[in-house]
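Trainee: Residue numbers (my numbering), protein chains in the order written: chain E, 39 to 299; chain Y, 19 to 315.
Simulated from the structure, these hints should not be mistaken for lab results. Predicted model, so just to flag it, every value in this text is computed and none were measured. A virtual CB, placed ideally from N, CA and C, is assigned to each residue, including glycine. Hints should not be assumed to be uniformly reliable.
Listed next, with one range per pair, are the computed distances between beta-carbon atoms [as the list claims (entries may be wrong)]: (1) Y:M83 to E:R295: 16 to 24 Å; (2) E:F42 to Y:D126: 41 to 49 Å; (3) Y:I226 to E:Y252: 56 to 64 Å; (4) Y:G34 to E:L239: 45 to 53 Å.
Partial selection, computed: residues in chain E whose CB lies under 8 Å from chain Y [to be verified]: (5) S43; (6) A49; (7) S51; (8) F55; (9) A140; (10) G141; (11) F142; (12) S144; (13) T145; (14) K251; (15) D296; (16) L299.
With a cut-off of at most 20 Å between alpha-carbon atoms, the simulated DMTMM-like pairs for lysine to aspartate or glutamate come out as follows [as the list claims (entries may be wrong)]: (17) Y:K87 to E:D296; (18) Y:K144 to E:E132; (19) E:K136 to Y:D108; (20) Y:K150 to E:D135; (21) E:K54 to Y:D108; (22) Y:K153 to E:D135; (23) Y:K35 to E:E132; (24) E:K46 to Y:D108; (25) E:K136 to Y:E102.
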Amino acid sequence: MINFSYLKQTARSNLKFLLAFTAVLCVFVIIMTNVFTPAVMEETQIGIEGTVLANILTGNGTLIGFMSNSFYALMAILFPMVYSIMVGNRLIAEKIDKGYMAGFLSTPVTRAQIAASGAFYLTVSLMIMWGTVYCVGIAAAERFQPGALDVDKFLLLNAGVFLYHFAISGICFFASCLFNTSRNSLLLGAGLPLYFFVMSLIIKLSDSLDYLKYFTLNTLFDTEKILEDNGFEADFAVLGALALILYGTGIIIFCRRDLPL
Amino acid sequence: MKEIDIRNLTRDYGNGKGVFDICLTVGRGEAFGYLGPNGAGKTTTMRHLMGFIRPRHGSVSVQGMDCWKNRSRIQKKIGYLPGEICFPGDMTGIGYLKLIAAMRKMKDFSAAEKLIDYFELDPKGKIRSMSKGMKQKTALVAAFMHDPEILLLDEPSSGLDPLMQGKLIELIENEKKRGKTILLSSHIFEEVEKTCDRIGMIKSGRIIRQITAGELRASQMKTYRVIMADDEGCAEILRMYPDAVRGKEQRELIVSVTDGCINELLALLSAHRVLSLTEEKHTLEEYFMKFYGGDEK
């Protein structure tokens with residue numbers, strides 16, 4: 039299903055984005071382990087008590103608790119989303135929009151192979167991204183606060199955030215397969231994930247808005263559930279299944295439709 | 019079995035755009051010229067042949083294989099030069115050609131190198147910084163390098179200087195001699211006339227006429243603009259060619275003759291003093307008017 043020559047070119051042309059986004063995430067994780075010493079955490083908790091921020095930022099007072107409520111609630115959601123949006127669009131829609139998909143399709147490599155190679159790259163690059171963050175996080179915690187990080191929970195957090203981005207990238211990839219122009223592909227591929235994010239922020243403002251959780255994907259990556267080991271498996275499964283469906287449908291649509299090349 | 023077989027192909031894009039009931043066959047070793055103004059439907063036909071779009075009505079096949087269903091299989095046989103040349107800007111010319119060669123599972127890159135030399139292409143630079151002509155040459159190498167049996171060339175000479183246009187025509191002629199089947203689209207009359215055996219004229223999505231190159235040449239009037247040195251010569255020409263029209267300049271005449279009658283004109287001109295003699299190039303529209311009369315709208 040995958041054409042190796044094409045995959046290699048795809049990886050090469052997107053490598054700089056993968057490196058840049060992974061590097062920034064690693065820097066953040068290192069800062070987290072460095073800054074969130076027990077003394078700082080206590081001060082912060084007192085400082086924001088009673089404000090809206092308390093709902094967003096407070097944790098259970100452990101390093102992993104603080105990371106899950108700061109880094110994994112905001113930075114790890116929003117920032118890699120930009121990567122999926124950019125790369126997702128580049129994989130298919132941009133190549134049709136600019137016209138050079140014609141060159142690739144004038145070889146015996148099938149449309150399914152082209153699309154599957156792109157999907158494979160996006161998925162594996164996200165795995166590499168979060169695998170790296172996981173390793174760097176453990177190394178940094180060991181260096182700055184030996185023994186403070188719950189390594190098993192940290193693995194689950196990273197697995198969960200990967201699955202979340204797997205699903206988000208599925209939306210971006212699907213949009214890329216569906217449209218002929220970067221403009222339309224980005225409208226859906228960036229619009230929907232951003233809408234999900236805004237929705238997840240609104241939910242946190244008040245308990246009465248809890249029903250909104252059915253209108254966003256972000257509630258499926260629930261750091262609290264992961265930390266408390268409280269039924270996150272089903273959410274993970276839904277994210278993974280959703281991603282597979284989006285990628286699969288995207289490939290099928292790309293194979294069946296007319297291309298204005 | 020025809021190499022290229024298009025039957026009743028219709029694809030309506032609305033507003034009169036698209037192709038309507040196109041029937042066209044090209045046999046093995048034949049070169050078919052697809053002549054028409056911009057936006058007539060030449061590229062739409064090519065896209066169907068490449069399997070980029072599905073025919074809404076009718077059928078399109080290459081060597082008996084349906085172009086939509088077998089679109090990746092037919093690519094082994096086809097060399098395609100798109101009408102609009104676009105490449106991934108961040109690649110070098112040679113990087114792109116090597117990638118396409120790898121995607122075609124070509125083991126031997128020497129044919130590509132020969133073509134690069136032939137077109138005097140420097141493929142080492144980034145494609146983004148290449149001139150239009152350089153991009154066109156890169157696309158030509160990509161279309162010819164796997165020695166395909168069928169060549170689909172969409173306005174192949176655009177962007178090339180006259181010297182390279184000549185080399186391209188020479189290459190196409192050689193490929194034809196080697197038994198390749200060629201479909202060449204163009205809005206330039208000479209390009210088609212020089213290389214093709216048969217010519218189909220397309221306008222507003224419909225093939226309005228199919229003729230052989232010989233027929234076309236024989237029936238074709240060429241128009242010459244002459245400026246005579248004296249009134250006597252003028253009068254003589256007007257007497258021999260009553261259809262001749264006076265031009266804007268003094269003693270300027272516009273005369274139309276077929277190639278078969280060119281000697282009489284030359285003999286007449288050489289008997290008088292001529293200040294200038296130029297051929298008037300017909301536009302494609304004028305050819306269409308001639309072939310199709312004035313009733314097309």
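Trainee: Hint by hint, note whether the structure agrees.
Mentor: Now for the hints, and whether the structure bears them out:
no.	hint	result
1	Y:M83 to E:R295: 16 to 24 Å	21 Å, holds
2	E:F42 to Y:D126: 41 to 49 Å	19 Å, violated
3	Y:I226 to E:Y252: 56 to 64 Å	60 Å, holds
4	Y:G34 to E:L239: 45 to 53 Å	51 Å, holds
5	S43	4 Å, holds
6	A49	12 Å, violated
7	S51	6 Å, holds
8	F55	12 Å, violated
9	A140	5 Å, holds
10	G141	6 Å, holds
11	F142	7 Å, holds
12	S144	4 Å, holds
13	T145	4 Å, holds
14	K251	41 Å, violated
15	D296	4 Å, holds
16	L299	5 Å, holds
17	Y:K87 to E:D296	13 Å, holds
18	Y:K144 to E:E132	19 Å, holds
19	E:K136 to Y:D108	13 Å, holds
20	Y:K150 to E:D135	19 Å, holds
21	E:K54 to Y:D108	12 Å, holds
22	Y:K153 to E:D135	18 Å, holds
23	Y:K35 to E:E132	25 Å, violated
24	E:K46 to Y:D108	14 Å, holds
25	E:K136 to Y:E102	10 Å, holds
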